[in-house]
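> Okay, here's what each chain looks like letter by letter:
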Amino acid sequence: MGSKVDDLFDYVQERCLWQFHSRTWDRSENIDGIIGKAIDLLAGREPAADTPAERCFVADAKVMVADFRSRFPWIREASETEVTEVLGGLRDRLTDLAITRSRNHELTHTLY
Amino acid sequence: MPMVLLECDQDIPERERHIYFKAPGEDSRDYLPAANAPTIPGTLSERGCSFCGAKLVIGGVLKDTIQMIHGPLGCAYDTWHTKRYPSDNGHFQLKYSWSTDMKESHIVFGGEKRLEKCMHEAFDAMPEIKRMVVYTTCPTALIGDDVKAVVKKVTAARTDVDIFTVECPGFAGVSQSKGHHVLNIGWVSEKVGTVEPEITSEYTINFIGDYNIQGDTDVLQRYWDRLGIQVIAHFTGNSTYDACRSMHRAKLNVVNCARSAGYIANELKRLYGIPRLDIDSWGFNYMAEAIRKVASFFGLEEKAEELIAEETAKWKPQLDWYKERLQGKKMAIWTGGPRLWHWTKAVEDDLGVEVVAMSSKFGHEEDFEKVIARGRNGTYYIDDPNELEFFEIMDKAKPDIIFTGPRVGDLVKKLHIPYVNGHAYHNGPYMGFEGFVNMARDMYNATHNPLFRLAAIDIRDDRALLVEEAA
Ligand code: SF4
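Residue numbers (my numbering), protein chains in the order written: chain Y, 1 to 112; chain H, 1 to 471.
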């Protein structure tokens with residue numbers, strides 16, 4: 001499971017700008033929102049897209065999931081439980097990188 | 001050796017906090033260059049002033065607006081005409097420069113009357129123009145001219161004009177970045193929501209952080225047109241003052257330059273609930289991804305795939321021709337901030353070029369998080385570099401080509417390394433599919449130009465022979 005999280009983490013590091021938005025709350029909204037939609041997509045469910053924010057998460061998640069499927073064949077075979085577990089691991093790793101251990105001093109500034 | 005103290009910095013060891021070398025096996029979370037911090041005394045910074053960040057980068061791009069610079073002539077000249085952002089109305093913004101031309105007596109006795117007179121003069125001389133941005137500069141801020149009061153007076157006298165004030169003198173912040181911030185926040189607080197746009201499509205976006213460098217906006221606009229998406233406002237490439245007042249009506253904010261304009265996207269999200277989608281517009285791969293994301297937001301996936309297929313068929317063969325010839329070349333990116341993270345993977349994936357050194361003048365720590373996540377091992381990442389560091393890093397990294405601005409570009413010539421204008425481009429546009437082919441072409445032409453080799457040869461006496469051989 002660790003190496004599967006590594007695969008996905010390295011991909012997100014290289015390609016996804018949403019993990020590095022301006023403030024802690026933007027980053028955590030994005031990480032939780034997009035990973036949540038990605039789990040739905042990988043489990044074969046249509047993700048809810050009722051609000052503009054949700055539609056934006058789905059747009060980012062779709063591109064990421066398509067790349068996951070083409071780059072990491074194991075994810076096509078993974079069960080929903082495994083998908084949830086691996087993407088949960090990815091979410092934790094991203095939160096650790098971009099929020100908890102980030103050395104960016106602006107993250108908690110109250111204003112933009 | 002994650003943080004690096006260069007030889008030339010031995011007397012200013014504080015510089016070590018600003019220079020990072022990414023090595024394999026290290027946890028990059030443990031290191032982040034200090035950024036957006038005051039320049040250390042003793043280092044000759046390449047940064048611009050905060051007023052410049054507001055005027056040259058963002059405000060000055062507007063194509064229907066007088067840019068009244070309240071200060072000495074130099075502030076106006078230094079922020080005029082160097083960025084090459086055309087417009088579809090005959091490049092009004094590039095043809096003219098406006099200044100109150102403050103002299104000693106105005107500094108002594110105050111410049112408000114002079115500002116008022118200049119504003120009227122400019123409106124009288126250009127009766128078709130009804131919009132103006134007024135900027136303070138160091139001298140006029142220091143003497144305490146009340147620019148907002150003057151603007152109020154002029155607006156009262158001329159009911160058909162609208163004026164925006166940017167109070168961000170050169171000393172307001174540590175770099176250009178402060179000017180971006182002040183203009184963004186001022187604009188969203190005072191101007192957004194004061195004009196209602198005509199809505200012509202159910203799919204509406206603001207395109208934020210693109211300044212139509214050599215026609216970038218035109219290239220992207222063609223894509224949005226093909227998808228049936230209405231751009232309410234470009235912030236601010238080829239844009240009008242009033243379009244930017246109506247940004248509150250877009251359904252999605254698409255952000256290219258998150259450094260210079262992320263603030264307004266964040267505020268539009270907070271105040272109006274418009275989501276922010278960050279994209280990269282340079283590079284084939286990235287451009288396709290960006291189009292897919294925007295289209296997916298509106299349910300236009302099929303149209304997007306058609307567009308991407310057509311553009312790819314048209315431009316990919318040319319890109320591949322250059323890729324074959326650029327493969328393995330080493331590149332340095334010595335620019336402002338965001339282009340580091342926009343470009344490093346794009347040139348690697350699409351052109352096979354390795355980025356070996358990158359420096360940022362005004363990037364924040366966020367920009368370094370992005371670029372270190374995307375950039376290669378064995379690459380230098382430098383904040384607010386100085387000239388001696390530039391030479392030392394070039395010596396270590398040995399790039400074949402350097403993307404930077406004309407000022408550093410002049411230094412580059414002395415090293416006989418080809419340089420391409422990384423701010424205003426050589427022969428752009430560089431965005432979009434065709435743009436990236438232009439960028440590849442400029443890289444190919446630069447790296448294969450025999451002039452750099454020839455210019456390094458001394459032709460006096462018998463050494464003249466070498467020239468013939470070289471030719
Ligand atoms: S630093 Fe001050 S005086 Fe110099 S150009 Fe900038 S605003 Fe003008």
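Worth flagging that the hints you see were computed from the coordinates, not collected in a lab.
Only a predicted model underlies this, so the values are computations on that prediction, with no experimental measurement involved.
Hints may contain errors.
Think about it this way: if two alpha-carbon atoms lie no more than 27 Å apart in a straight line, the pair counts; the simulated DSS-like pairs of lysine-lysine are [unchecked claim]:
#, chain 1, residue 1, chain 2, residue 2
1, Y, Lys62, H, Lys22
2, H, Lys152, Y, Lys4
3, Y, Lys62, H, Lys398
If you only want the chain Y side, here are some residues facing chain H, beta carbon under 7 Å, derived [claimed, not checked]:
#, residue
4, Tyr11
5, Glu14
6, Ala53
7, Arg93
8, Ile99
Just so you know, even glycine gets a beta-carbon here, dropped at the ideal spot from N, CA and C.
> Give a verdict on every hint.
A quick look at each hint next to the structure:
no.	hint	verdict
1	Lys62/Y with Lys22/H	violated (31 Å)
2	Lys152/H with Lys4/Y	violated (62 Å)
3	Lys62/Y with Lys398/H	violated (40 Å)
4	Tyr11	violated (11 Å)
5	Glu14	holds (5 Å)
6	Ala53	holds (5 Å)
7	Arg93	violated (10 Å)
8	Ile99	violated (11 Å)
Hint compliance for this structure: hints 1, 2, 3, 4, 7 and 8 are not met, and every other hint is.
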